[in-house]
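S.K.: Each protein sequence line maps, in turn, to chains A and B.
Using full-length UniProt numbering, read the first sequence as starting at 1 and increasing by one per residue.
Using full-length UniProt numbering, read the second sequence as starting at 1 and increasing by one per residue.
Derived by calculation from the structure, the hints in this document are not laboratory data.
Because the structure is a prediction, the values reported are computed rather than measured.
Each hint should be verified, as a subset may be incorrect.
Simulated restraints on C-beta separations [claimed, not checked]:
hint, chain 1, residue 1, chain 2, residue 2, range
1, A, L40, B, D180, 48 to 58 Å
2, A, V315, B, E295, 52 to 62 Å
3, B, E236, A, V169, 31 to 41 Å
Calculated from the model, a selection of chain B residues having no Cβ within reach of chain A, i.e. all distances over 12 Å [what the hints assert, rightly or not]:
hint, residue
4, D101
5, L298
6, D314
Glycine is no exception: its CB is placed at the ideal position from the N, C-alpha and C atoms.
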Amino acid sequence: MATQSASIPSTAPSLGLAALLIRLRALVALFIVLVFFSTLAPNFLSIGSLLIMAKHIAIIAMLGIGMTYVILTGGIDLSVGSIAGLSGMVAGALILHGLTIVPLGLVIYPSVPMVVLIAVLLGGLIGLANGTLVTRLGVAPFIATLGMLYVARGAALLLSDGATFPNLVGSPDYGNQGFPWLGAGRMLGVPVPVLIVLMLALAAAFVAARTPFGRYVYAVGGNARAALLSGVRVGGVTRAVYVISGMCAGLVGLLVASDLVSAHPASGQTFELSAIAAVVLGGASLAGGRGTIGGTMVGACVIGTLGDGMVMMGVSEFWQMVIKGTVIVAAVVFDQLQARFGGRES
Amino acid sequence: MNPRRFRILLVAGALIAVLAALWLFAGPAARHSKLMVVITPSLDNPFFGQEAIGAEERARALGYSTLKFSHGDDAYKQSELVDTAIARNAAAIILDNAGADASLAAVLRARAAGVPVFLIDREISSRGAAAVQIVSNNYQGATLGAQAFAEALGERGPYLELVGRESDTNAIIRSRGYHDVLAQYPDLKMVSRQSANWDQAQAFTVTQSVLQAHPEIRGVIAGNDTMALGAVAALESAGRADVVVVGFDGSNDARDAIIAGKMRATVLQPAKRQAQFAVDLADRFLRTGSTGQREKLLMDCFLIDRGNAAQLKDFALAPTPASPRTS
């Protein structure tokens with residue numbers, strides 16, 4: 001699925017097979033998970049179920065892409081799940097009730113592309129608020145985004161007073177049909193969210209590895225002071241990564257609401273944890289400066305297939321939680337082992 | 001190509017080869033599996049737990065294998081679980097859904113994939129999507145509870161109402177059932193009406209605050225047993241054994257409180273019977289292509305008070321061999 005994106009920066013001249021396997025641990029973990037479930041869970045490897053899993057993975061991966069940038073700078077974004085919930089609610093409100101321009105007494109029903117744009121920009125704006133809190137006001141990222149987690153979730157609930165926006169199919173009278181295609185549609189048999197996340201991942205991987213901005217992100221996370229002294233605009237770069245994360249979350253909210261053809265204010269709860277887990281499984285360091293988009297994609301595949309596979313196998317819900325937690329911690333333990341024995345990159 | 005990159009490619013290639021081999025051999029399983037997937041809001045809440053157990057037992061007895069999951073009232077999680085059930089070629093889905101509006105897309109998706117959905121406990125807002133919707137007659141049950149409440153209070157006095165989550169249809173219907181009965185008694189006065197979101201801890205704090213503002217209350221009528229028990233705890237800590245408490249659901253905890261004299265009555269929703277009935281209808285549907293019933297089916301509730309509390313277990317009334325004909 002995402003094997004092609006596991007790019008490894010070329011460093012250490014020679015590695016033994018064991019060290020190599022540790023280096024590729026996310027990929028190896030994915031392989032083990034796939035083999036395990038394909039022998040134990042009926043239908044696991046059918047095209048239909050792989051496509052369904054890909055769709056679930058796409059949601060985690062999309063949040064993971066934004067989260068990777070934030071974590072690369074040494075920050076964290078706990079608000080993505082709530083931003084996703086709010087973005088879905090805003091899209092729902094725009095489609096059902098339109099946008100009221102108070103002084104003119106006008107109600108405008110934006111077309112679906114406009115709705116998408118508004119919701120994604122809103123996510124970016126909330127991200128900017130996070131970034132500003134972190135850089136200008138010196139609030140720790142954990143606290144700033146934890147606060148935003150509550151604020152955005154509360155705002156989502158306020159929008160509808162806790163109710164669901166149902167039946168978001170739009171109406172020919174307002175010219176805003178087509179919303180369900182985004183999350184539930186398919187192109188050439190592939191779910192649209194999967195295509196979107198693949199394009200996003202390629203773009204994000206390119207930006208991280210090949211552009212000055214990408215290098216600044218790594219520099220800020222590696223050593224913010226050194227980066228500052230060498231002329232990197234640390235504040236600007238940090239704000240930008242939170243904006244990226246917020247926009248990814250906005251997009252996820254749209255996809256979820258579109259898939260359900262309705263927007264529920266509690267949507268997206270605990271999404272942030274899956275996203276962080278995917279990034280960490282993909283080999284990023286929470287201290288910043290180390291990690292790749294490709295790694296995150298593989299990490300998202302591990303989390304997604306693990307979750308769906310256990311459901312298909314009929315593993316008890318309570319065990320599922322235990323197993324997921326163990327896998328995440330094990331990934332970090334391997335990370336430490338690699339740091340100690342395998343020679344650390346960058 | 002340098003040797004390092006070569007080795008990485010070799011490893012990756014080996015992994016892909018093994019997967020491809022597995023894919024060829026473990027390919028698609030037979031259609032028309034005899035699998036029923038049971039999805040409820042949670043497995044650790046006794047009401048939903050008994051639903052799941054009731055459905056599972058009946059399905060096994062009819063020769064089906066089962067998988068049971070919970071969606072935690074999260075519509076997206078529910079949608080994922082429905083997807084998974086489709087991927088597993090489930091024969092049918094028994095579902096206590098995550099929201100009247102937010103569940104429609106998932107139900108329709110299952111139907112489009114040829115997996116009929118049998119709804120229990122909560123209905124969805126549109127007709128024609130699910131094979132059947134089996135719902136407790138919440139209104140009828142609420143009138144039973146309210147009648148017992150009014151009688152216990154001697155048809156007079158100030159009272160508090162604890163309402164469930166306001167986005168939940170069942171909360172609204174139960175409250176309406178209560179008020180349609182209680183409004184007939186002019187001396188019964190509702191001094192406060194609060195939502196405690198079905199939650200025991202919230203009911204506890206809300207009741208405590210209301211007791212501060214209105215120490216004169218003589219009754220608490222709650223939209224479910226969990227909130228009723230929260231109220232009981234608050235009344236106990238305030239030393240108010242004189243206040244009448246009535247709940248809804250028929251949980252084992254409420255039964256024990258009724259036997260101990262802390263609660264007056266509750267209303268039993270036959271959770272287990274609903275789930276079993278849904279499985280029976282699913283089985284009939286799979287064999288004959290029709291459930292032979294209307295889409296929406298209401299099941300009556302029963303009043304539980306000191307007289308019959310002892311027979312209540314796991315959301316079902318045990319048949320009483322001793323004295324079936326008590327008036």
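S.K.: Going back to the hint list, which numbers does this structure go against?
M.R.: 2, 3, 4
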